[in-house]
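> These are the residues of each chain, in order.
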Amino acid sequence: MAIPAGQMMAVGRYLLKQRLARRERYPLVLMLEPLFRCNLSCTGCGKIQYPVQLLRRQLSVAECVSASDECGAPIVSVAGGEPLLHPQIADIARALVDRRRFVYLCTNAILLERKLDEFEPSKYLSFSVHMDGPRAEHDHSVCREGVYDVAVKAIRAALDRGFRVTTNSTLFEGSDPERMRHFFDDMMELGVEGMMVSPGYSYEKAPDQEHFLRRERSHQLFARMLGSPKRSWSFNQSPLFLQFLMGKRDFECTPWGNPTYNIFGWQRPCYLLQDGYAKSFRELMEETDWPSYGRKSGNPRCQDCMVHCGFEPSAVRAAFESPQAMAGTVASMVTGRL
Amino acid sequence: MTEARIAELVDRAFDYRGYVTLRRSDGSELVGFVYDRSAAHLDLLDESATRRTRIPLAEIADIAFTGEDAARKSQEIWERRKGKPEPRETPAHGDWADPGKVLVLVALEHELRSVARALGAARRGSVVRGRLSGGEVVALAVGVGGGARRAVAEEHPRLVMSCGYSGGLDPVLRPGDLVLATTVRGAGGDALAAPESPRLAAAAALDGLRFLQGGLVCATSAAASPEDKRALARDGALAVDMESYLVAQAAGEAGVPWLALRAIVDPLDSSLPPFAREARPDYFWPALRYAFSEPRAALRLVRLGRDASRAGAALEAALRRLVPALAAAEAHR
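Chains A and B, in that order, are what the protein sequence lines are.
Start counting the first sequence at 4; every next residue gets the next number (our numbering).
Start counting the second sequence at 70; every next residue gets the next number (our numbering).
The set of hints was computed from the structure by calculation and includes no laboratory data.
No experiment lies behind these values; they were computed from the predicted model shown.
Relax, there's no trap hidden among the hints.
Below 25 Å or equal to it, Euclidean Cα-Cα: the simulated DSS-like pairs (lysine-lysine) are:
#1 A/20 - A/126
#2 A/50 - B/142
#3 A/118 - A/156
#4 B/170 - A/118
#5 A/208 - B/142
#6 A/50 - B/151
#7 B/153 - A/50
#8 A/251 - A/233
#9 A/156 - A/126
#10 A/251 - A/299
#11 A/50 - A/208
#12 B/153 - A/156
#13 B/151 - A/208
#14 B/153 - B/142
#15 A/118 - A/50
#16 A/50 - A/282
#17 B/153 - A/208
All chains, please: the whole structure from these sequences, using the hints.
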């Protein structure tokens, strides 16, 4: 596990508070999408297909801060689009850090090196760099040659300046488990704090519909990729979630765990599905038809989904609610086994 | 059209990643992006991506899918390059480099209030800085003299907009109506034609507001009486101000496209009270003195205040539409 102790404690305190307040539904990570525009057009992305006027639109610093205050989640994942295209992204990060939110700024890192001067290193701020695998796989996934090399250079520059850096890998059909294991070695050698992995969600609007992983294939791939994990690997994720990906555990989705806010409002029901928007976080939590989502609901769009935004909160919650699950988490953290 | 057919169209529109044109039962049309819907209504974001409208389904007569489908476009791009990543030197997708700022020049500080409200930004003296839909906007009060040239040189804008109040020269113009200049004529009689591309984009964005396009004449002193205005209206100009010509001249010299947008305060048949005939930093005390100067002055003052409020509101509404629309026009270049 690569999550710093201070962050784990802060998140633990937050979860305890929710338990003591007997809240049934509460957020863990705010998925903040300040804009949809991007400087890449990736094969499996369904987030950027909007008219140009909407791509030009972005949330203001005040809107971002207000969404974070309204939601109250201790972690904010700033996604998009490419957040570094937002002219005030450093102000947004600073304002969230001032509120002691743990900010994961997701980026393809094309602009990272030249924007680093605008940010200040903080234990609350981490650049989560999109890296879908080794050079060939990553460049293929983002449909542009040379992006892997640009990202690696930017990661080095960020680490040299004392920033926290993690990687975020989305896997598709055809990923080679052995090559991914080498990729994990490379990233750890580079010095990143931790890695995140997830199967890609089959966005309806993504151009490539053929390479999304179905559930069984996800289990097979992750079991081979994460089996006998090396001690040197650090994942910025719950061990229970990784075990879920490997097919060793089963969880139901927690769609309200990572609520999403963007230029349209609070997205129903989750980061991946767009069934409409709520005007307020409260409206999202109270008026969304939650039983209609998740695998048990029979909703066909949820059947193959194993994405971290729905299941990482389930894994974290399980660890807090079940002594066995907590014991499994601690054992995995101590032994490094999954 | 049946309710079932409307419901089907609404579902399709919600799924559609492009603009739709929605026709209401009263015949009016709205263009926008459908971002939400329920059994009773539909939520639409207008083309400038700033104004949200909720429309009851019962009011919808038809929906046409008039804008380009961004999802389909993405699919086509992907199919074209299938299996082949773009070469290393390909410019970043979409080329989202900051296109530069829009510089709004007004004559007087109190005209800046409309700009500040449109931007949701605070006015600091004679400057308002803000953003509309991602586009940077700087508004400056430069007086009626030659401040425009210096402002353009210092701000390096991509577009200059002369904005503010104006006197009406065409009898159809009422307080709060807008005039988008096709030409501005200086006191010496020479006219500058507004660059076509931003003007057409602006005209499209203003569609639905009360505005006319036509000539603007710039006088060296306030055209205060109906007689003064009729004299200026002889060559067909729609409105009169005192600064747009200098703004257009400064922008033209710097090679920057420009627009002139004016909101009518005093129509053709009305007279400006004496205190309003010259530029002042503050009109409060002169207005108060005027109010007590003659029996009907207070009433005229109230009317002028109301008309100025209408003009300010019209400018605010126009700017909310113009800046995002011009940013989008820039992105399409």
